[in-house]
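Enquirer: Residue numbers (the numbering used here), protein chains in the order written: chain A, 406 to 714; chain B, 121 to 481; chain C, 473 to 799.
Hints listed in this document are in silico derivations from the structure and should not be mistaken for laboratory results. Heads up, a few of these hints could be off.
Here are the simulated DSS-like pairs of lysine-lysine, each with C-alpha atoms no more than 27 angstroms apart in a straight line [as the list claims (entries may be wrong)]:
| no. | chain 1 | residue 1 | chain 2 | residue 2 |
| --- | --- | --- | --- | --- |
| 1 | C | K621 | A | K629 |
| 2 | C | K604 | B | K156 |
| 3 | A | K622 | C | K566 |
| 4 | C | K621 | A | K633 |
| 5 | C | K553 | A | K622 |
| 6 | B | K150 | A | K530 |
| 7 | C | K600 | A | K629 |
| 8 | A | K562 | B | K156 |
| 9 | C | K485 | A | K633 |
| 10 | C | K553 | A | K530 |
| 11 | B | K198 | B | K181 |
| 12 | C | K553 | A | K527 |
| 13 | C | K566 | A | K629 |
| 14 | A | K622 | C | K606 |
| 15 | B | K156 | A | K527 |
| 16 | C | K601 | A | K622 |
| 17 | A | K530 | B | K212 |
| 18 | C | K485 | A | K629 |
| 19 | A | K633 | C | K600 |
| 20 | A | K629 | C | K612 |
| 21 | A | K629 | C | K731 |
| 22 | A | K622 | A | K530 |
| 23 | A | K633 | C | K561 |
| 24 | C | K561 | A | K629 |
| 25 | B | K198 | B | K150 |
| 26 | C | K600 | C | K507 |
| 27 | B | K150 | C | K489 |
| 28 | A | K633 | A | K622 |
| 29 | C | K787 | A | K622 |
| 30 | C | K489 | A | K530 |
| 31 | A | K527 | C | K561 |
| 32 | B | K212 | B | K242 |
| 33 | A | K629 | C | K604 |
| 34 | C | K777 | A | K622 |
| 35 | C | K561 | A | K622 |
| 36 | C | K601 | A | K633 |
| 37 | C | K600 | A | K622 |
| 38 | C | K583 | A | K629 |
What follows is the residue order along each chain.
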Amino acid sequence: MSRFIVRRFLSVIPTLFIIVTLSFFLIRLAPGGPFSGEKKLPPEIMANIMRKYHMDEPLVKQYFRYMGDVLQFDLGPSYRYKDQTVNDLIGNAFPVSVMLGTMALGTALLLGTIVGITSALKQNKWQDYAAMSVAVLGISVPAFVVGPILMLIFALKLKWLPTSGWLSSRAGALTLIMPIITLMMPYFAYIARMSRGSLIEVMRSDYVRTARAKGLKESVVIRKHVLKGAMLPIVTYLGPAFSGIITGSVVVEQIFVIPGIGRIFVQSALNRDYTVIMGDVIVYSIILIAANFVVDILYGLLDPRISYK
Amino acid sequence: MPSIDKNNDRATNEFNQYVKPVSLWADAWKRLRRNKMAVLGMWIVAIYMVVTFGAALLPFKSYTEQEMLHINLPPSFKPAGVVALGRLEERKVELEAAITRSGRADLKQDLTRIENEIIQLKGEVDTDPKHKRVYILGTDYLGRDMLARTIYGGQISIMIGLIGTLTAAMIGIVLGSLGGYLGGWVDNLIGRFVDLMYSLPYMLVVIIIMSMLPTGSNSIFVLYIAIAMISWLTISRVVRGQIISLKNSEFVEAARSMGAGSGRIIFRHLLPNSLGIIIIYSTLQFPSFIMNESFLSFLGLGVSAPRASWGTLVSEGVQGMQLYPWRLLVPAVSMTVFLFAMNFLGDGLRDALDPQSKNRN
Amino acid sequence: MTDDVILQVKDLKAYFKLDEGLLKAVDGVSFDLRKGETLGIVGESGSGKSVTNLAIMRLIPSPPGHIAGGEVVFMGDDILKMSDDGIRKIRGNKISMIFQDPMTCLNPFLKISTQMIETIVLHQGLDKKAAKEKAVDMLKLAGIPAPEKRIDQYPHQFSGGMRQRVMIAMALSCEPEILIADEPTTALDVTIQAQILELINELSERLGTAVILITHSLGVVAGMCDSICVMYAGRIVERGTADEIFSDPRHPYTQGLIKSVPRLDKVSTQRLYSIPGQPPNVINLPDCCPFFPRCERAMDVCKTKYPKVAELGDKRTVACWLYGEGK
Numbered sequence: 406m407s408r409f410i411v412r413r414f415l416s417v418i419p420t421l422f423i424i425v426t427l428s429f430f431l432i433r434l435a436p437g438g439p440f441s442g443e444k445k446l447p448p449e450i451m452a453n454i455m456r457k458y459h460m461d462e463p464l465v466k467q468y469f470r471y472m473g474d475v476l477q478f479d480l481g482p483s484y485r486y487k488d489q490t491v492n493d494l495i496g497n498a499f500p501v502s503v504m505l506g507t508m509a510l511g512t513a514l515l516l517g518t519i520v521g522i523t524s525a526l527k528q529n530k531w532q533d534y535a536a537m538s539v540a541v542l543g544i545s546v547p548a549f550v551v552g553p554i555l556m557l558i559f560a561l562k563l564k565w566l567p568t569s570g571w572l573s574s575r576a577g578a579l580t581l582i583m584p585i586i587t588l589m590m591p592y593f594a595y596i597a598r599m600s601r602g603s604l605i606e607v608m609r610s611d612y613v614r615t616a617r618a619k620g621l622k623e624s625v626v627i628r629k630h631v632l633k634g635a636m637l638p639i640v641t642y643l644g645p646a647f648s649g650i651i652t653g654s655v656v657v658e659q660i661f662v663i664p665g666i667g668r669i670f671v672q673s674a675l676n677r678d679y680t681v682i683m684g685d686v687i688v689y690s691i692i693l694i695a696a697n698f699v700v701d702i703l704y705g706l707l708d709p710r711i712s713y714k
Numbered sequence: 121m122p123s124i125d126k127n128n129d130r131a132t133n134e135f136n137q138y139v140k141p142v143s144l145w146a147d148a149w150k151r152l153r154r155n156k157m158a159v160l161g162m163w164i165v166a167i168y169m170v171v172t173f174g175a176a177l178l179p180f181k182s183y184t185e186q187e188m189l190h191i192n193l194p195p196s197f198k199p200a201g202v203v204a205l206g207r208l209e210e211r212k213v214e215l216e217a218a219i220t221r222s223g224r225a226d227l228k229q230d231l232t233r234i235e236n237e238i239i240q241l242k243g244e245v246d247t248d249p250k251h252k253r254v255y256i257l258g259t260d261y262l263g264r265d266m267l268a269r270t271i272y273g274g275q276i277s278i279m280i281g282l283i284g285t286l287t288a289a290m291i292g293i294v295l296g297s298l299g300g301y302l303g304g305w306v307d308n309l310i311g312r313f314v315d316l317m318y319s320l321p322y323m324l325v326v327i328i329i330m331s332m333l334p335t336g337s338n339s340i341f342v343l344y345i346a347i348a349m350i351s352w353l354t355i356s357r358v359v360r361g362q363i364i365s366l367k368n369s370e371f372v373e374a375a376r377s378m379g380a381g382s383g384r385i386i387f388r389h390l391l392p393n394s395l396g397i398i399i400i401y402s403t404l405q406f407p408s409f410i411m412n413e414s415f416l417s418f419l420g421l422g423v424s425a426p427r428a429s430w431g432t433l434v435s436e437g438v439q440g441m442q443l444y445p446w447r448l449l450v451p452a453v454s455m456t457v458f459l460f461a462m463n464f465l466g467d468g469l470r471d472a473l474d475p476q477s478k479n480r481n
Numbered sequence: 473m474t475d476d477v478i479l480q481v482k483d484l485k486a487y488f489k490l491d492e493g494l495l496k497a498v499d500g501v502s503f504d505l506r507k508g509e510t511l512g513i514v515g516e517s518g519s520g521k522s523v524t525n526l527a528i529m530r531l532i533p534s535p536p537g538h539i540a541g542g543e544v545v546f547m548g549d550d551i552l553k554m555s556d557d558g559i560r561k562i563r564g565n566k567i568s569m570i571f572q573d574p575m576t577c578l579n580p581f582l583k584i585s586t587q588m589i590e591t592i593v594l595h596q597g598l599d600k601k602a603a604k605e606k607a608v609d610m611l612k613l614a615g616i617p618a619p620e621k622r623i624d625q626y627p628h629q630f631s632g633g634m635r636q637r638v639m640i641a642m643a644l645s646c647e648p649e650i651l652i653a654d655e656p657t658t659a660l661d662v663t664i665q666a667q668i669l670e671l672i673n674e675l676s677e678r679l680g681t682a683v684i685l686i687t688h689s690l691g692v693v694a695g696m697c698d699s700i701c702v703m704y705a706g707r708i709v710e711r712g713t714a715d716e717i718f719s720d721p722r723h724p725y726t727q728g729l730i731k732s733v734p735r736l737d738k739v740s741t742q743r744l745y746s747i748p749g750q751p752p753n754v755i756n757l758p759d760c761c762p763f764f765p766r767c768e769r770a771m772d773v774c775k776t777k778y779p780k781v782a783e784l785g786d787k788r789t790v791a792c793w794l795y796g797e798g799k
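Here chain A stands alone, though its shape is the one from the complex (with noise of 0.2 angstroms):
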């Protein structure tokens, strides 16, 4: 198990180095700079500014500076926000997503699963079609849909919910409620589908006959003998499910102001903000990376039948 992380471990690190080079290379080629947009500046202000941040030399030694300072962690300085570093931005941003994204993931998880589960047990009956009608809904509906309309109905015209801010001081925790809603939404329904239809498939499996059989309880058939296998395929599923968490909470960041590394994201790609780019596709790399080494293991430890050798 422990060769198996290690292992597990060191293939991330070609992952992550070509990420970053292909990303570095790629906004490099792109026509215009950071500076392009704003009025012309005169000729040696605007070669100061590129000494300053070494946009005059060649494009490898760049790439290699650039490496290094990555390899110490340092992602450089904001070419927009003049006074900041990328980690101060990212930093501060960094935990408002994290903490959005668990949250979201850990709802849309629970609701899914007890949905997935009553529907399942009451296949075929309304409760069922009601579940998955409205799981095809969350589906189809699209985050920037829900975000505005709830936003219209439960902050602008009932006024039970602030319309944005971040567990600012007077709302409170209840700024976080339309967020993750949103952010939930699609996942919750996906996960709900799924672990419905794993259900079915495993309660019709032999083993559960073979359950049956002994004379076991229709509860403890369930409990002890569906439930395990027909939630293995949600685990499998976390990965993405946590990779379109934090895709779509680049949406919902926006629609509701939260200050996270989405809206940062957003905000760098219109401004060309080179490093912010560069810095915020590192994190999401990183991140998605450890979601997936995390059901990786979680998957091994819940199948006997995977051992790592």
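Place chains B and C on chain A using the hints.
Expert: The following block gives chains B and C in isolation, referenced to the frame of chain A:
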């Protein structure tokens, strides 16, 4: 022994009336038709297609024509002139009340402006045909017809979905079947690449690509490519898996033993047998293309003015949603209904084409 | 004789509502099982033999299946009329089952010990420790080497034959009256098949358990069974002791089955016989003898009416127009 042969014939004939041989596709069609939600989805999708792509032939208003007197009109079946006039008069009453209450002189200017507009509108309302228009879904902040705009936005969104799906399917099929059929280092290389792409937060890559574009470039075209470039991953994996499992099956062995070449085996035997699963995945991917495009447009990184997609319309609608909720709701609901229908159709197709699917969820 | 009958199946019917129509998987099956007897149920796949036995245990997946009629009298009580609690006290305790594919019939996520102990605790009221000892004993009886160690392993660590031994040990752990073995050897290697059959035979004799052995192979029932039911398209077409069926088969289908078993004692240059045609699809089957399209001796009456069951002697019946009133 002729008697046995005769019996044999009878065996197939006697009970043939109960076991009719049906082709896979006919069978799937039958299953699909029984699924009410899928049929409903199919009809909705068909109607959307006809309306959006036949829009030029149908009596819709122009989606670009702006009319300053018709700004932000609510949905109504009354002629635009009447609606606009009613709203101006309401506003006039409100203003007068506010002036008498506070005595603010600066509001007087607004009042005069409104009174002038009322006079202008009253003069035109019976003569100018534009005031006879009916905006059943209201107008936007430039006085454009929301119905026409939503249809036009749908045209762009659906086009992007279609082209994206086709491109992704093509790339996925080619790379997936190459990897699956040839195996070895080719498969390894493709597999590694797919793994790498999977570990990227892929919408973020699209965002980067879109942000790199010089402003004013043909963003729709780039959007097609950008989305398609990273959406073939799943299809290629699915096709690869299917090809590998079929490659070793008896009927392919048989074809090979009769001297069929690789190309023939792939195109005549492997791909047709993978077609079902390709259709399923493509149908299910189609709505996600539309979502992704709208997602980018919503962030201001996708389709840019003067063009509009559903995403652009929603993001425009969000701006004034408190006062003019229809500007948000019209495109949002249109889009949601379409995605809903597509998802039901996709689910139905999956159940119909792949009844034993392990991938249902 | 009748007092040691422990299971009486009378006119049992199990139907499945499918999109294509009503599938009468089991349509009026009757047989008796005596204490300690081994009964073979033989038929092609789809003949309803497995469904018959799932119906006895009330384990038919519903929907789409349901029991449409009949009685299953076990030790004086009709199983089909019992409460859910009542039937659960019988399942795994008085009547237990082993299935065709040992690879999929054990829960892959639970240790063998967990799966065995839960049955013993449930039905025998032992505590966990005693139940585990009992389980180890059963595994030893079933021929598992080093059972104390292997009991804490997961199913995937066992070979197919070993898993079937585990299934047998588990099924017999409460010393049931009846063991239903549904094609217990079909999924196994030929060399292991004989061992498993031998094990079932030996353990059932030792514990006094009656066995219903479901199989498509006459070869399997020949050596093991006291009596045999031959099923075709959801009904029993012929019934009798093993001797009677093999030495004097009456139904053309049984005759065909026996002719198609390869024999070592007769050197033959002829090709092996096979029954022409395919078994019928039993959905919406009309009232006729379902075998007539494949029958060499079919008559006109066979096409219009299902034959009356002819009693040829004690527990010996055949459903064919060639016998009884038809002739």
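Enquirer: Are the hints correct? Go through all of them and say.
Expert: Outcome of the hint check:
| no. | hint | verdict |
| --- | --- | --- |
| 1 | K621(C) to K629(A) | holds, 23 angstroms |
| 2 | K604(C) to K156(B) | violated, 52 angstroms |
| 3 | K622(A) to K566(C) | holds, 16 angstroms |
| 4 | K621(C) to K633(A) | holds, 24 angstroms |
| 5 | K553(C) to K622(A) | holds, 18 angstroms |
| 6 | K150(B) to K530(A) | holds, 23 angstroms |
| 7 | K600(C) to K629(A) | holds, 16 angstroms |
| 8 | K562(A) to K156(B) | violated, 36 angstroms |
| 9 | K485(C) to K633(A) | violated, 35 angstroms |
| 10 | K553(C) to K530(A) | holds, 25 angstroms |
| 11 | K198(B) to K181(B) | holds, 16 angstroms |
| 12 | K553(C) to K527(A) | holds, 24 angstroms |
| 13 | K566(C) to K629(A) | holds, 22 angstroms |
| 14 | K622(A) to K606(C) | holds, 22 angstroms |
| 15 | K156(B) to K527(A) | holds, 20 angstroms |
| 16 | K601(C) to K622(A) | holds, 22 angstroms |
| 17 | K530(A) to K212(B) | violated, 56 angstroms |
| 18 | K485(C) to K629(A) | violated, 32 angstroms |
| 19 | K633(A) to K600(C) | holds, 22 angstroms |
| 20 | K629(A) to K612(C) | holds, 26 angstroms |
| 21 | K629(A) to K731(C) | violated, 48 angstroms |
| 22 | K622(A) to K530(A) | holds, 22 angstroms |
| 23 | K633(A) to K561(C) | holds, 25 angstroms |
| 24 | K561(C) to K629(A) | holds, 19 angstroms |
| 25 | K198(B) to K150(B) | violated, 45 angstroms |
| 26 | K600(C) to K507(C) | violated, 31 angstroms |
| 27 | K150(B) to K489(C) | holds, 18 angstroms |
| 28 | K633(A) to K622(A) | holds, 17 angstroms |
| 29 | K787(C) to K622(A) | violated, 37 angstroms |
| 30 | K489(C) to K530(A) | holds, 17 angstroms |
| 31 | K527(A) to K561(C) | holds, 25 angstroms |
| 32 | K212(B) to K242(B) | holds, 14 angstroms |
| 33 | K629(A) to K604(C) | holds, 18 angstroms |
| 34 | K777(C) to K622(A) | violated, 44 angstroms |
| 35 | K561(C) to K622(A) | holds, 10 angstroms |
| 36 | K601(C) to K633(A) | holds, 25 angstroms |
| 37 | K600(C) to K622(A) | holds, 18 angstroms |
| 38 | K583(C) to K629(A) | holds, 12 angstroms |
In terms of the numbered hints stated before, the structure departs from hints 2, 8, 9, 17, 18, 21, 25, 26, 29 and 34, listed from lowest to highest.
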